[in-house]
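Going by UniProt numbering, 52 is the number at position 52 of the sequence shown; the sequence numbering is gapless.
It is possible that some hints are incorrect.
In silico DSSO-like links for lysine-lysine, alpha-carbon gap of 27 Å or less [stated by the list, open to error]:
{"#": "1", "residue 1": "K73", "residue 2": "K3"}
{"#": "2", "residue 1": "K73", "residue 2": "K53"}
{"#": "3", "residue 1": "K3", "residue 2": "K53"}
{"#": "4", "residue 1": "K53", "residue 2": "K34"}
{"#": "5", "residue 1": "K34", "residue 2": "K3"}
{"#": "6", "residue 1": "K73", "residue 2": "K58"}
FRET-style restraints, in silico, Cβ to Cβ [unchecked claim]:
{"#": "7", "residue 1": "R38", "residue 2": "A96", "range": "38 to 48 Å"}
{"#": "8", "residue 1": "V5", "residue 2": "K34", "range": "33 to 43 Å"}
{"#": "9", "residue 1": "L95", "residue 2": "R36", "range": "38 to 48 Å"}
{"#": "10", "residue 1": "L84", "residue 2": "V5", "range": "11 to 21 Å"}
{"#": "11", "residue 1": "K73", "residue 2": "R38", "range": "16 to 26 Å"}
{"#": "12", "residue 1": "Q87", "residue 2": "H4", "range": "15 to 25 Å"}
It is worth saying that the hints were derived from the structure and are not from the lab. Every residue gets a Cβ at the ideal spot worked out from N, C-alpha and C, and that includes glycine.
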Amino acid sequence: VRKHVNDLYEDLRDGHNLISLLEVLSGDTLPREKGRMRFHRLQNVQIALDYLKRRQVKLVNIRNDDITDGNPKLTLGLIWTIILHFQPLIASYQLAHMK
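All chains should be modelled from the sequences, with the hints used to inform the complete structure.
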């Protein structure tokens with residue numbers, strides 16, 4: 001299923017796109033809450049943050065409510081941290097598939 005992000009701050013708030021991004025980058029399957037209440041959104045973002053912590057990704061001052069509330073500075077910080085962590089994997093994938 002293809003996902004689209006039009007507004008980074010808005011579209012990551014429920015955690016679904018964040019979890020999907022991590023699944024694509026890692027190849028792992030992560031659980032997710034299906035509800036639409038704030039509690040479910042917070043849980044989904046926390047699932048993503050916990051997954052990153054288990055992979056030894058250092059998250060400095062980023063909490064689930066920061067992303068759920070659409071905090072621009074911390075949302076960009078999280079995305080940048082994900083990029084830096086997965087960059088070697090992405091680069092090796094690109095090299096392996098070059099013709």
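Within 15 to 25 Å: is that where the Cβ-Cβ distance between Q87 and H4 falls? holds, 23 Å
Within a Cα-Cα threshold of 27 Å, do K73 and K58 meet the stated pairing? holds, 16 Å
Sort out whether K34 lies within 27 Å of K53, counting only the CA atoms. holds, 23 Å
Taking the CB of L95 and the CB of R36, does the distance hold inside 38 to 48 Å? holds, 41 Å
K34 paired with K3 [C-alpha distance capped at 27 Å]: holds, 16 Å
Holds or violated: are the alpha carbons of K3 and K53 at most 27 Å from each other? Holds, at about 24 Å.
Return holds or violated for the Cβ distance of K73 and R38 against the range 16 to 26 Å. Given a distance of about 21 Å, which is inside 16 to 26 Å, the answer is holds.
Mind checking the alpha carbons of K73 and K3 for me, to see if they're no more than 27 Å apart? With a Cα-Cα distance of about 23 Å, the restraint between K73 and K3 holds, given a limit of 27 Å.
With respect to the beta-carbon atoms only, verify the hint that L84 and V5 lie 11 to 21 Å apart. Distance hint for L84, V5 holds at roughly 19 Å.
Take the C-beta atom of R38 and the C-beta atom of A96, compute their distance, and say whether it sits inside 38 to 48 Å. holds, 41 Å
Please check whether V5 and K34 have a Cβ separation lying inside 33 to 43 Å. At 20 Å between Cβs, range violated.
Is it true that the CA of K73 sits at most 27 Å from the CA of K53? Distance of about 20 Å is within 27 Å: holds.
The structure shown violates just one earlier hint, number 8.
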